[in-house]
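Per this note's numbering, the sequence shown starts with residue 16, numbered consecutively.
No wet-lab data here; the hints were simulated from the structure. As the structure is a prediction and not an experimental result, all values here were calculated from the model. Keep in mind that a hint or two might mislead.
Have a look at the derived ranges for each label pair, beta carbon to beta carbon [what the hints assert, rightly or not]:
| # | residue 1 | residue 2 | range |
| --- | --- | --- | --- |
| 1 | 91 | 25 | 39 to 47 Å |
| 2 | 90 | 31 | 40 to 48 Å |
| 3 | 40 | 20 | 23 to 31 Å |
Even glycine gets a Cβ: it sits at the ideal position worked out from N, Cα and C.
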Amino acid sequence: MQSLDRALLSDILPAEVFRNMSAFGALSDHFVEQVLAGGELFRLAEGEMLYRQGEVADCFYVVLKGHVKIYQDTQAGCKIIRTTTEGESVGFPAMLAMRPRLFNGSASGECIALKISCQFLYRLHELDRLQYEIFFINLSRDMSRFMGDCARRSS
């Protein structure tokens, strides 16, 4: 996982792209800029791990470009749960539950992800409560979609 300079983000993704991402839907451009400025930006190559099953979940990620495969290692092998879309958050349920991660996340090709720590998420609440509430709803919606996929896979 290679750390990226946030100044390069505008060269990779134009600002208007963020408006169509599920994690950033209905948020002001200013709030999205604050989220981008306060997170850590990473580039991953295909197959590179974003996070691992069992690790401490003190952050979550927003997939800005590319896709992340969410899967679980089982005795029967690799069980794919979901492949994310651009703009979707991943790893939020484990961070929210304050439990170790249940799944692995790896890049399904070149990928750019924004890491948001739980400390920074709290600071966003202090910066703008209304925008934070919308952001939290967006993250909860992503989490609900993920949980739905988990339920479908187990039945």
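message = Tell me the hint numbers this structure goes against, listed in increasing order.
response = Per hint list: zero violations.
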